[in-house]
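Undergrad: Listed here are the chains, written in short residue letters.
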Amino acid sequence: MNQTLEAVPQNWYLILSTLLFCIGVIGVLFRRNAIIILMCIELMLNSVNLLLVAFSAYAGNNDGQVFVFFIMVVAAAEVAVGLALLMSIYRNIASTDINVLNKLKW
Amino acid sequence: MSFYLFVILSVLTLCSAFAVVLAKNPMYSVLSLIVCFFTVAGHYVLLNAQFLAIVHIIVYAGAIMVLFLFVVMLLNLNSETEPHKDNMLKVAAVITGGLLFVVLIASIKATELGTFSLPQKSNLGYVEEVGKKLFTDYLLPFEISSVLFLSAMIGSVVLAKKEK
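Chains as they are written, first to last, in the numbering used here: chain L, 2 to 107; chain G, 14 to 177.
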C-alpha cells in the first residue's frame with residue numbers, strides 16, 4: 002500500500018488544487034500580457050490534472066489517469082495553436098497587450 | 014516522511030504559481046512555471062502515478078515550456094515592454110479570485126466525500142496498467158487525439174506563416 006495515501010488526508014489535495022486553480026484565475030484577471038494569460042490557463046489545467054490523479058489514487062481506479070493523459074494532449078494542441086495566433090497578432094500590431102485587441106469589445 | 018514531502022512540494026507549487034502571476038519580467042514567469050510543473054510531477058510520483066509524472070515532465074517541461082520560452086525570446090518581451098493594469102483592476106481581480114476560492118472551499122466542506130477504503134494495489138499508475146486501459150477501453154479517443162494533433166500542427170503552421 003502507498004504511504005502517501007495513509008499520511009496525507011484526501012481533503013488536502015482538494016484544497017491544494019483549489020488554491021492552484023484560484024491562482025490561475027487571479028492571473029488571468031490580473032495580467033494584460035496575452036502570453037502570461039495563456040500560462041495561467043496552463044496552471045488551471047494543471048490543478049485539475051492534480052485533482053484527477055489524487056482522486057484516482059485514493060479510489061484505486063486508474064480511469065482518472067487516462068483522462069489526465071487526454072487533458073495533456075488537448076493542452077499541448079491548445080498551446081501550439083494559441084502561440085501561433087499570438088505570433089501573427091504580434092506581427093500585425095507589434096504588441097501582446099490584450100487591451101489593444103478591443104475591436105470585438107462591445 | 015511522505016507527509017513532509019507533500020508539505021514541501023505544496024509550498025513550492027503555490028509559491029512558484031504566485032511567482033508566475035506576480036513576476037514583472039515574462040521570462041521569470043516562464044521559469045517559475047517550469048518549477049511549478051516539476052513540483053506537480055513530484056506530486057504525481059507521491060501519488061504513485063509514475064507514468065503520468067514522466068509524461069508530464071516530457072510534455073510540459075520538455076515541449077510546452079520550450080515553446081513558451083521560444084516565443085517570449087522571439088517577441089523580445091521584458092519588464093520595460095510589459096503592460097500593467099491599473100491598481101483598481103488588480104484589487105478587483107484578487108477579490109474575485111479570493112471569492113471563487115471561498116465558494117469552492119465552502120462547497121468542498123458541504124460535500125459528503127464517500128469514505129474510500131484505501132486501495133491495496135499500488136501499481137495503478139505504472140505504464141503497464143495505464144497502457145492496458147489506454148489501448149482497450151480508451152482506444153478510440155486515443156486514436157482520435159492523433160487527428161487533433163495533426164490539425165493543430167497544420168493550423169499552427171498556417172497561422173504563424175508570413176502572409177504574402
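These are calculated hints, taken from the structure and not from any lab test.
Keep in mind that this is a model prediction, so the values were computed, not measured.
One or more hints might be untrue.
With a cut-off of at most 30 Å between alpha-carbon atoms, the simulated DSS-like pairs for lysine-lysine come out as follows [stated by the list, open to error]:
no., chain 1, residue 1, chain 2, residue 2
1, G, LYS146, L, LYS106
2, G, LYS98, G, LYS37
3, G, LYS175, L, LYS104
4, G, LYS122, L, LYS104
5, G, LYS37, L, LYS106
6, G, LYS145, L, LYS106
7, G, LYS145, G, LYS175
8, L, LYS106, G, LYS122
9, L, LYS104, G, LYS98
10, G, LYS174, L, LYS104
11, L, LYS104, G, LYS103
12, G, LYS122, G, LYS37
13, G, LYS103, L, LYS106
Undergrad: Would you mind marking each hint as holding or not holding in the structure?
TA: Structure-based check of all given hints:
1. G:LYS146 / L:LYS106: violated, 45 Å
2. G:LYS98 / G:LYS37: holds, 12 Å
3. G:LYS175 / L:LYS104: Status holds; Cα separation ~22 Å.
4. G:LYS122 / L:LYS104: Distance ~43 Å between LYS122 (chain G) and LYS104 (chain L) Cα, so the pair is violated.
5. G:LYS37 / L:LYS106: Measuring from Cα to Cα gives roughly 27 Å; hence the hint holds.
6. G:LYS145 / L:LYS106: Given that 30 Å is the threshold and the Cα spacing comes to 48 Å, the pair is violated.
7. G:LYS145 / G:LYS175: violated, 44 Å
8. L:LYS106 / G:LYS122: Violated - the C-alpha atoms of LYS122 (chain G) and LYS106 (chain L) are around 38 Å apart, more than 30 Å.
9. L:LYS104 / G:LYS98: holds, 19 Å
10. G:LYS174 / L:LYS104: Roughly 23 Å separates the two Cα atoms, so the pair holds.
11. L:LYS104 / G:LYS103: holds, 23 Å
12. G:LYS122 / G:LYS37: violated, 36 Å
13. G:LYS103 / L:LYS106: Since the Cα atoms of LYS103 (chain G) and LYS106 (chain L) sit roughly 20 Å apart, the hinted pair holds (cutoff 30 Å).
Consistency note: the structure conflicts with the earlier hints numbered 1, 4, 6, 7, 8, 12.
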